[in-house]
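S.K.: Once you've looked at the hints, dock chains B, C and D against the given chain A.
Protein chains: 4
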Amino acid sequence: MKKTGKKTKVKAIKSNLKQRAKNMKLTSPEYTQYRNPLTSRYASQAMIQHFSELHRALLWRDLWIYLAEEEKKLGVPIKPKQIQAMKEAREEIDFERVREIEKSLKHDVMSHVKAFGEVAPEAEPILHLGATSAYVTDNADVLIQREAAELILSKLSFCIAELGKRIEKWKALKVTGFTHFQPAQPVTMGKRLCLWVQDLIWDFEELQNVLNRVRPLGCKGATGTQASFMILFQSDFKKVQKLDEAICSRMGFKQPVAVSGQTLSRKVDAWFLNALSNLASSFSKLSYDLRLLQHLGELREPFGKKQVGSSAMAYKRNPILAERITSLSRFLMNSAHNSSWTHATQWLERSLDDSANRRIVLAESFLAADAICELGLRIFSGLDLDKTKIEDDLQKHAELFETEERMMRGTLAGGSRQALHEGIRQATMSGKLKKKKGSSQSIFCGAAKEQAENFLRMELKPFLGKQSNRLKKKSQIFGADAI
Amino acid sequence: MKKTGKKTKVKAIKSNLKQRAKNMKLTSPEYTQYRNPLTSRYASQAMIQHFSELHRALLWRDLWIYLAEEEKKLGVPIKPKQIQAMKEAREEIDFERVREIEKSLKHDVMSHVKAFGEVAPEAEPILHLGATSAYVTDNADVLIQREAAELILSKLSFCIAELGKRIEKWKALKVTGFTHFQPAQPVTMGKRLCLWVQDLIWDFEELQNVLNRVRPLGCKGATGTQASFMILFQSDFKKVQKLDEAICSRMGFKQPVAVSGQTLSRKVDAWFLNALSNLASSFSKLSYDLRLLQHLGELREPFGKKQVGSSAMAYKRNPILAERITSLSRFLMNSAHNSSWTHATQWLERSLDDSANRRIVLAESFLAADAICELGLRIFSGLDLDKTKIEDDLQKHAELFETEERMMRGTLAGGSRQALHEGIRQATMSGKLKKKKGSSQSIFCGAAKEQAENFLRMELKPFLGKQSNRLKKKSQIFGADAI
Amino acid sequence: MKKTGKKTKVKAIKSNLKQRAKNMKLTSPEYTQYRNPLTSRYASQAMIQHFSELHRALLWRDLWIYLAEEEKKLGVPIKPKQIQAMKEAREEIDFERVREIEKSLKHDVMSHVKAFGEVAPEAEPILHLGATSAYVTDNADVLIQREAAELILSKLSFCIAELGKRIEKWKALKVTGFTHFQPAQPVTMGKRLCLWVQDLIWDFEELQNVLNRVRPLGCKGATGTQASFMILFQSDFKKVQKLDEAICSRMGFKQPVAVSGQTLSRKVDAWFLNALSNLASSFSKLSYDLRLLQHLGELREPFGKKQVGSSAMAYKRNPILAERITSLSRFLMNSAHNSSWTHATQWLERSLDDSANRRIVLAESFLAADAICELGLRIFSGLDLDKTKIEDDLQKHAELFETEERMMRGTLAGGSRQALHEGIRQATMSGKLKKKKGSSQSIFCGAAKEQAENFLRMELKPFLGKQSNRLKKKSQIFGADAI
Amino acid sequence: MKKTGKKTKVKAIKSNLKQRAKNMKLTSPEYTQYRNPLTSRYASQAMIQHFSELHRALLWRDLWIYLAEEEKKLGVPIKPKQIQAMKEAREEIDFERVREIEKSLKHDVMSHVKAFGEVAPEAEPILHLGATSAYVTDNADVLIQREAAELILSKLSFCIAELGKRIEKWKALKVTGFTHFQPAQPVTMGKRLCLWVQDLIWDFEELQNVLNRVRPLGCKGATGTQASFMILFQSDFKKVQKLDEAICSRMGFKQPVAVSGQTLSRKVDAWFLNALSNLASSFSKLSYDLRLLQHLGELREPFGKKQVGSSAMAYKRNPILAERITSLSRFLMNSAHNSSWTHATQWLERSLDDSANRRIVLAESFLAADAICELGLRIFSGLDLDKTKIEDDLQKHAELFETEERMMRGTLAGGSRQALHEGIRQATMSGKLKKKKGSSQSIFCGAAKEQAENFLRMELKPFLGKQSNRLKKKSQIFGADAI
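Chains as they are written, first to last, in the working numbering: chain A, 1 to 483; chain B, 1 to 483; chain C, 1 to 483; chain D, 1 to 483.
Just so you know, these hints were derived from the structure itself, not from any lab.
Be a bit skeptical, because a hint or two may be false.
Stated by the list, open to error - From the derived model, a few chain A residues whose C-beta atoms are all more than 10 Å from chain C:
hint	residue
1	Q208
2	L456
3	L464
To be verified - Derived contacts from chain B toward chain A, CB cut-off under 10 Å, selection only:
hint	residue
4	R192
5	C194
6	A222
7	Q262
8	L293
9	L352
No residue lacks a Cβ here, since even glycine has one placed at the ideal position from N, Cα and C.
Looking at chain A on its own, in the form it has when it is part of the complex:
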């Protein structure tokens, strides 16, 4: 197998596209450069902006202002006008200039320091005083991750609340249960959805728990010894601690991490990303359920009026949103693995093989989680249930469903459970137990309804009660400009 025309290909990549774009008057890089589809298609604007350079740069400037202000309070001779200058220039960020500087310095934080100094020349001498780059990068990253996690928690609350309504509605609606994707014993649709919600509540708790545990880096200096700050404060450790705590307080945290190398332990990333990965795992599981149920025709995701199912098969109505959840969950789970490997291979007080990797995976993991939650809510609020199909499926398996009851009653009446089991097994094998249609009236779903009620009362209600604040601003929370 050989391909022809190979020789001109590489050149083609290099030159033609630029020219074409020019001819086509395509000036925005949006279509002429690779764009991550989470940005262009799947995630919400809120999350996309949250991981922008602008947001990060503003946080850095805030952190430099906090540092100067708190150092000043504790006695470092910083002048009010220096702080004033920083505050006034805070939003004068010339990204092109930063990039130009970075080309020679090859250091992103120092380029921002220099660019900030240029627009706030009074403050230049004391900018970043005592700090190492990780002061701005790591503290800002924790702030970014915390806010992003809060957004995910809010979205997740809505997903759970929405499913809760369906559980209430369908708690007694009998449906065929499946193990091995073979008809098993009947369940109710509401009881089945409890399984999804239980997983999601657990995921919520896990991410919430990460937020409860996480502490920012604070100001620890080049190798975590706070040496530069000890110098600034004449070896007064109390003052150094106060600075550390004051900065954290400004960031909205109670306490900085007790010890660090140059950076926060990279384990903290793994906490966040593992929690997101576990969320993805639950959504993946439920997306498979949805796809199988849409196959059965029992439950369907929403379908737009003008939506085209297939470019070839015009009659198609595919579970493309559920499939997209499977797809993005897989992406998120693999993406999250990065954070553990990064932690596992760090060296001593820090090595920089974390940096480029984190720039991508922290953002893209949260963007994927955001997209998944957006898809989740779209599906859950538009679920379309087909009672006729459900009824039809139940009737087909009615005879099978009865056998467990027969075995129980037989044993209660003094028979051997084991012999009864074997009897049913042989009847099936020999074809005597046919899958003949039966009435769905008499189908027994055990305590499925009671369990669902119990679950709503004991698990879901208390959960939603605690999230009442989150559940008030849906239109602000959601908003993927999604396709």
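M.R.: Only chains B, C and D this time, still in chain A's reference frame:
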């Protein structure tokens, strides 16, 4: 590149080895079959036995006894002699017989039911009454994971306590700090070890948290609706719940899971294995530190008197234990991924594509964690520190270390931090700032010692205080017959 | 949620089980220690023995004999009786003695050298002469991987051949095609199976290609410079090369690797394990297809006469073999990742963080691949097709199937493809296009049959032609004592 | 640990940033949205554009033109002016219009069909005739992957050639060899680099082999049966095959894939991405070597004149490019895993859970590979070797290095290799064998130089000979606008 003699190879695999083993009178499968090296080399007997078929089979029988007893208490007509028979036959497990049965039934639980019935014939009719296989498999698995996790927590406590002693001892011992594995600012050895301990305490908390959250399956029946139990108890949901709770209480848990499909959510495995993976990640990180420090000659793992470093280079003294930690951590991290993928791809009330995978990865992940902790304690208790080498390294970098102080003092004296930074940078580039030897006396480690003391007081002491029970039975806890 | 009775648990792990096993007269470690289920349940004896310590130890001794013989031929003063002694003692391997030695030496190869020297004392002075441990370990590992890969290739050939028969038989058998697991356009069952076979042939080629590329380490010495051999041969590089090549020739390879550190590049492991992982990926895909088709009832895996489908639902007939393939494929794919990470994190001339990891994952990856192929053949040779169910499903979708033809013919007749497509779409949405039953006679499967014939002729036949040797000894090749 | 100020955070994400950006007159999304750093920082413009929507859209239009032209040639009544219309409108792509359509259709290919029809209304009725979406998506993806792979191969050739020069130069330059990162036996720097090149050549071969094996989808229709084309050509299979082949020929391939579902087997993605992952693994390994050698000071990556090593420690000269390789390699290896999992979980004729995942990982894997190669060449062409440091390190270990020679000569003189080994071992342990400085003159590197020469002659030269075309257009090939 082609190989010769290929044709006879496959046959060789098939026939020769058996014959040879016979000739060599090797009857034990230990050497003639593949054996997982965690079993044959690295893990402790306690953990190896814990994941044996015998342990699992005994737990299954216990669970069947619990079920019959509790059903009886709640009114199911089970006779005292039936329970008596089960109890008496509890330890009569003929594994060969089980296997023989399984060959025709192709169902492991049913084979054990049948084999148990054969040795306890009075109980046969009511054995496994109302239960599905997951009743024994999933409940036993949670018991196994809980005990295994407890063992890991105990081992981890000792590792942390051992490191705590070193922190105390070396809290003021100055050493070269490294970022990018280039000399950075100095730290103290004790302060560095705080980083390891902080990670390990966080891992401990995470695994502890899993134990706090986990609830067993209880008795939920074939598709989780408790239908069989509702039949046994004439649809009295209260009684069904009581049975569920009573069984859990017998297992030492307060409460069963609220809802389930046929099995417990596979997310629970992911909780355990992710926590172990995070532990592996911390040990991996510290094993890299150890290997780099042994390269420097500053810190060394223990080395046996007769130990051979290399079959070719007799003078070698390699950090093989630390390298083994890296190696097994990598294994554990990859192994743990299985649990998330398994959860993510389950279908509806359950699919069986979890089973074979779980049989391997649950056990091997805990065995690897066990081996890692054993290695950890061996290393931590035998750490060999070379003060001469440490001193020598410090002196080499003394001039570099001073520069941060110079920059701070210069700024305090009214200079521009940025200009001072650039001055030092240029001096280095031009070779004016040489790495000339300096005195280690004047080397300033910032608050490294104070931080270590603070860490011991505020973090480690309270932690160890809570683990006092665990810290009493070291000889019982450890015991890899390791090489 | 707290558990009770915790305090006695850890002790229980430690002490009770041993006592119980004693009481139960269970002396074999088979049931009292963890055993990998690939060994106890799923893989073939051939593969299990292949990864035994005995097999490895015999290969090591062979390699020591090769070394001495070839050194002798090239002039090193080794005496015939020394070689004679080695050959005579070759199968005198006392594993207990080796282990005893290793306890003090902490070096596996040196322990085997010493134990070999004890049973062949004349040879002791020249044993392992010029070699480093990797000489035996890495060369033996390549031999083991090569033979194991050959076994997999043979098993895979049978799987492919078996599927080929089904393709021939079912090439014209119309079945419902599914995209998104929604009825799409019809295919034939034989054509569908071509997709499986195409993947498997590609996997075969890839593994074959690894075998074509792989070269053994040969004798390269402690850091790969062949220094020890240059000394033995007075810096005669030609002789050193001859030795290297002679050893490889004895191993059945044409050529050693050109350069190495202490060990072969760990990339070679990744070649083997990635190829196995790709095989697992294909089997995973087809196992999902099988499970979905068994749900539909169109195709079923074999089911034993006494087989029990479920311990609760006696009528169940589950695709447990296909599910087991999914399960083990997932395991294998995760296991294989280890090999890439190990390679990616090696240091300079070698670091030992490969060792413990490779001991597990090389063996277990091949064992899993073996088990998967065994399962594959079991399923493929017992496939049970239900024509009535297939026919029934076809008829249900007949009207949908016609629409593509309508659209094509409409366009040929001058209509707009786009308008016709929209017409069909609207008809479906409005319910005008009902899924009414149609005749399966007129259902058009395009060129499915012709494609299958073409595939058999152009791809499968030439493939099987080349594997004729492999396809002769089925009973020797297969043999998992499987459940 | 609780954070304060939480309540306003989520709103902040949503609203403030947009307003700020407006105030700051930041109109480009470049800084106000997340941008993948591979696009904004690390990869070359050629590769970034290659994965743009524009490039893809142009390929789709080409494929529609090919289809119409080849159908026409084979007799489908398509008019010349219809084809003319398509060609003329080829570059009139209004992406905003496409997006608008997609919002209602929710189908990307159909939106492009409609938009193309709008600018080429004559062609509208026959656009996409007989095709399913995968006709454009999958064929374009193979074209994109092929060209991207060619670009990687070219970059890799330059990397290898550059390293070849260093091997030639340093083939006899003695350096300390390291196993376990402990001094082992000496090697030469050139010989060490051969290990890197050997890995990279193998990776080149593997990616080349993928290009040799890959075949495009061609035109197979909705479920791979070519039914629509059979209708267009009155069931003339020969004509259908001719169309399939003609399209492939237009794409520069000899042959389409023999069979397919709706899409090409997703295994093909895994071929490409596994090959890239293996490349990443090699670069990761060599980046670790580089970082360790820069620690030793023996070898250093290039460092810009104005480059800032650290924002806190102005004297720092860190291996940030090598660390970035480690970082991006880790990313690429994890990203590549997606392709295998996607393949492993596909269902029947296709499921759409591939789509969103592939949109991200195909592009980002190639972008990461591109960035890694760019970094590779930057480092390799600027390698800075410090002979003084190398010499100094050698001298420190001279006494250790001699021991292997002593052992060999002792054995040749009739001694026991084993006894000599133990003698050296004990001398080391007791401190008799001190690491005293020795002359580097007498240090013996075995055949390191001869091996390097051999490698250059037998492996590298033939390799570069075949790549002569690739090695001509460096400035066209490279060009990351990198920092």
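S.K.: Let me make sure I understand: some of the numbered hints might not hold for this structure. Which ones are they, in numerical order?
M.R.: none
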